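S.K.: Sequence:
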Amino acid sequence: MRRRRHDAVEDDERTDRWLVSYADFITLLFAFFVVMYAISQVNEGKYRVLSDALSTAFQQQIHITAPQRGAPAMEMLPPITPAPEPPETGAKPAPEVSTNEIVTKELLEALSPMVAQGLAKVQQTERGISVDISASALFDTGQAILQSAAVPALRAAARVLAKVPNRIQVEGHTDN
18 MRRRRHDAVE DDERTDRWLV SYADFITLLF AFFVVMYAIS QVNEGKYRVL
68 SDALSTAFQQ QIHITAPQRG APAMEMLPPI TPAPEPPETG AKPAPEVSTN
118 EIVTKELLEA LSPMVAQGLA KVQQTERGIS VDISASALFD TGQAILQSAA
168 VPALRAAARV LAKVPNRIQV EGHTDN
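Read in the working numbering, the sequence shown has 40 at position 23, and its numbers run on one by one without any break.
In short, the hints are calculated from the structure, not lab data. If you're wondering where the values come from, they're calculated on a predicted model, not measured in any experiment. Misleading hints may appear alongside valid ones.
Within a straight-line C-alpha distance of at most 25 angstroms, the following computed DSS-like cross-link-like pairs (lysine-lysine) qualify [said to hold, decoys possible]:
| hint | residue 1 | residue 2 |
| --- | --- | --- |
| 1 | 180 | 122 |
| 2 | 122 | 138 |
| 3 | 138 | 180 |
With the hints as constraints, model all of the structure from the sequences given.
M.R.: See below:
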């Protein structure tokens, strides 16, 4: 009889194993429907642009040339000749004015009304040129509409910055 009880316990353990497989199946089925729903919600315009870009990229032929055998690369280089030394003159060279200094001066001129009132600061930092404009010079408290008095100075600063090829980083903070 003891064997029968032992067999009965093993049968109960075996009957619950189907539940793990069923749970895996339901999870995969749920994931499948989530993916199908996500695909159905794709913006047609973006999908068409992506499709066109991929098709043009794959239609272009790529030409791969066989590796060339010959002289080592160092032998193919022309001989290195030292640069001629500049003639020495008694006059000292004029100190170079950096682009950042020029842009800083132009920004100070463009924002001079705000700088004079203490509403703006232009300074050179390690990272480049920093322009700090007080929020009260640009916006009324709690508003997101630019004050009309700030527009001319900002346009003048924009004209100066449009000439600069460097990256521009803008930071802003809200008052609410």
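S.K.: Are the hints correct? Go through all of them and say.
M.R.: Structure-based check of all given hints:
{"no.": "1", "hint": "180 <-> 122", "in the structure": "holds, 14 angstroms"}
{"no.": "2", "hint": "122 <-> 138", "in the structure": "holds, 12 angstroms"}
{"no.": "3", "hint": "138 <-> 180", "in the structure": "holds, 20 angstroms"}
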